[in-house]
Amino acid sequence: MKINYSPSKNAFYEEEHKERYLLSGSWPGDLIEVSRDDFIEYGGNPPEGKTRAPGPDNKPAWLTIPLDFVEQAKAENKRHTDEANNYINEQQWPSKLMLGRLSDDEKLLFNKWLDYLDALKEIDVSGAPDILWPTPPAEPAS
1 MKINYSPSKN
11 AFYEEEHKER
21 YLLSGSWPGD
31 LIEVSRDDFI
41 EYGGNPPEGK
51 TRAPGPDNKP
61 AWLTIPLDFV
71 EQAKAENKRH
81 TDEANNYINE
91 QQWPSKLMLG
101 RLSDDEKLLF
111 NKWLDYLDAL
121 KEIDVSGAPD
131 ILWPTPPAEP
141 AS
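Residue numbers (UniProt numbering): 1 to 142.
There's no promise every hint is true.
Here are the computed lysine-lysine pairs in the DSS-like style, where the Cα-Cα straight-line distance is at most 30 angstroms [as the list claims (entries may be wrong)]:
1) K9 - K50
2) K50 - K78
3) K107 - K96
4) K78 - K59
5) K50 - K96
6) K78 - K96
7) K112 - K74
8) K107 - K121
9) K107 - K78
10) K59 - K2
11) K74 - K18
12) K78 - K18
13) K121 - K96
14) K9 - K96
15) K96 - K59
16) K59 - K9
17) K107 - K50
18) K112 - K96
19) K78 - K2
20) K18 - K59
Since the hints were made in silico from the structure, they are not lab data.
Predicted model, so just to flag it, every value in this text is computed and none were measured.
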């Protein structure tokens, strides 16, 4: 099995699927053949603090993620978390829940916001800047 790497796409392409890529117009023009060992090493999850990117020879390499990306992601995560907590507190859901004054609709929405907070807590900022942030729940129409 011949494996290629595209520096511009930062992705691997198997030669046996070339026809499908060509039909969809997604076969890159800058492919470099790489060994199976390179594919195994660089095709999986990166070590902590690293990201896959083209190296000096345009082959895949683990590059250190600049600390500023990680710090920015931590700050963004804190901002999202603070905004969610502020929204929850503005609705007074924790107090209303304790007093049994939360409607069924409010309970459902409160749970969605708690799920959102859980998703934020699970974010691995070492993957910065390539982080897929969760979407906060939509506010109900008034």
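Does the alpha-carbon distance linking K50 and K78 stay inside the 30 angstroms limit?
Within the cut-off at roughly 22 angstroms; holds.
Does K96 lie within 30 angstroms of K78 when you go C-alpha to C-alpha?
The given pair, whose Cα atoms are some 25 angstroms apart, holds under the 30 angstroms limit.
Please verify whether K50 and K96 have alpha carbons no more than 30 angstroms apart.
violated (45 angstroms)
For K107 and K121, compute the direct alpha-carbon distance and say whether it is at most 30 angstroms.
holds (21 angstroms)
Proposed proximity, K59 with K78 (alpha carbon, max 30 angstroms):
violated (36 angstroms)
Please work out if K18 and K59 have their alpha carbons no farther apart than 30 angstroms.
holds (19 angstroms)
Hinted pair K9 and K96, Cα distance within 30 angstroms:
Judged against 30 angstroms, a Cα distance of about 50 angstroms means the pair is violated.
Straight-line Cα separation of K78 and K18 no greater than 30 angstroms?
violated (43 angstroms)
Taken at face value, is the distance from the CA of K2 to the CA of K59 at most 30 angstroms?
holds (15 angstroms)
Holds or violated: K9 and K50, Cα atoms, limit 30 angstroms.
holds (17 angstroms)
Run the distance test for K78 versus K2: straight-line Cα separation, threshold 30 angstroms.
With a Cα-Cα distance of about 44 angstroms, the restraint between K78 and K2 is violated, given a limit of 30 angstroms.
Taken at face value, is the distance from the CA of K96 to the CA of K121 at most 30 angstroms?
holds (24 angstroms)
Hint check: violations occur at hints 4, 5, 11, 12, 14, 15, 17 and 19; the rest are consistent with the structure.
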